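K.L.:
Please build the complete structure, drawing on both the sequences and the hints.
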Amino acid sequence: MLELFSFGDTGWGDELLAGFGVTVALAAVTLPVGILLGFAVALASMSKNRVLRSIGIGYTTIFRGVPELLTLFTVYNGAALILNQIAKAANPEAGFVELSPFVAGVVSLGLVFGAFSAEVLRGAFQALDKGQIEAGLAVGMRPVHVFHRIKLPQVWRFALPGLGNLWVNLVKDTALVSIISLNDLMRMTSVAVGFTKKPFTFFLVACLAYWAVCALSEVVAAKLEERANRGIRRA
Amino acid sequence: MAFTDVLVNFWPRLLHGLGLTLLLTGVSAVLAAAISLPLAVFRTNASAKAQLPLRVYISFMRGTPLLGQLFLIYYGSGQFRPALQEVGLWTFFRDPFNCAILAFTLNSVAYQIEILRGGLMGVPAGQIEAAKAVGMNRLQAYRRIILPHTYRIAQPALGNEIILLMKGSAVASVITIFDLMGETKTIFAKTFDFSIYLWAAVIYLVLTAVFVRAWRYLEKLLNPHLAGHAPAGALHPVMGMR
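Protein sequences, first through last, are from chains A and B. Residue numbers for the first sequence follow my numbering, so the first one is 1 and each next one is one higher. Residue numbers for the second sequence follow my numbering, so the first one is 1001 and each next one is one higher.
Take the hints with a grain of salt, since some may be wrong.
Cut-off 30 Å, straight-line C-alpha distance, at most; resulting in silico cross-link-like pairs (DSSO-like, lysine-lysine) [stated by the list, open to error]: (1) A:Lys-223 with B:Lys-1132; (2) B:Lys-1190 with B:Lys-1132; (3) A:Lys-151 with A:Lys-130; (4) B:Lys-1049 with A:Lys-88; (5) A:Lys-48 with A:Lys-130; (6) A:Lys-223 with A:Lys-151.
If you're looking for bench data, these hints aren't it; they were derived computationally from the structure. The structure displayed is predicted, hence computed values, not measured ones.
P.N.:
What follows is the structure in structure tokens.
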């Protein structure tokens, strides 16, 4: 049994590890994209400008309500159509252009993560103590300083538990990108299954790998929360 | 090519897909609800040692992709084909629809146990003491006092879980099930008409919106004593995520 997972030409260990690397890379690249998008959308949906607010709320409603898989296919196929039209316009003899599955994965999972994290961040911003912001302005801080010194550290603290959950979901959602043939862990596992005819063994190992990442993430999130809450008196 | 062409030409297929999505979601949600209640009671009352296997199960189901769980059941069962044939279960596992229902149910059970556990622990202790004091036995206390409280507390979160299950059911399209997502993919492959994706998104959004409305109405029915007050917890998809 173990030789199935050995490294080199005889086993699938190195292929699966490469796939695992792609999975982790996809999640790690998507995270900052999604958080930045989430911040922008959260600020838009709390804005005094009605148009911005509608855009923010509409965005979160759509991307939280539509299946991640549909978002992924929409981005992947939609981008391919647009890219091909551009390529045709630029050079009529151009061949078929395709968006890389990795980029499509980052874009679509980032859009989804942005929508969910926007709600988490909005909740965190609304939990801020107004008096502290007024105090900051009263001692002569500029709004930029108030944001950086007073709002951001506390938003981070309030949003951490929610963001931790979203990260775990992001890791799990990366498996969907295997369907548009990104060579991630799930797809490499499918390839291995095709050769070895041991579907249960291999998919179980893949699941265990995702499980390990999620369990480790929870430990890290707990540590980060502990750190973010240092100096906070507990009732 | 008008935006609505694809809708006019393919609405029967979309309707069929919508029906299958509703069926997948509904059957799995109801089965999971039935299974998770006794397990949630066990999870709340049993000793830490006795419930360890259940906690491992819940952690596994919540820590692995639904797609992986689906593959594990649908493709994985093939590895045990002779054994399954012997006990007559192979016909069950050969059918992708059965496998999808099984995977979604097992997955949702894990989430629903934790939701119900929150509800069970939220029942005010005084209510349970009062039930004992008036001489109710355990079964009566559960039926008359504890469970009504539990479901009132858990109801919004259960609604979120059903919405997430509905969204998650789109992965069934990967194992050749023609649910709304599956039909959408085939129609796109036939027509290369991009608007089909937007129509599918609209259908999913309408489905969620209608469900949220219906669930809020149910919440009102379950809480007649709160009439005129703001609901205790509004539906919020961020709370419990898959």
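K.L.:
It remains to establish, for every hint, whether it holds in the given structure.
P.N.:
Taking the hints in turn, this is what the structure says about them:
{"no.": "1", "hint": "A:Lys-223 with B:Lys-1132", "verdict": "42 Å, violated"}
{"no.": "2", "hint": "B:Lys-1190 with B:Lys-1132", "verdict": "65 Å, violated"}
{"no.": "3", "hint": "A:Lys-151 with A:Lys-130", "verdict": "10 Å, holds"}
{"no.": "4", "hint": "B:Lys-1049 with A:Lys-88", "verdict": "65 Å, violated"}
{"no.": "5", "hint": "A:Lys-48 with A:Lys-130", "verdict": "17 Å, holds"}
{"no.": "6", "hint": "A:Lys-223 with A:Lys-151", "verdict": "21 Å, holds"}
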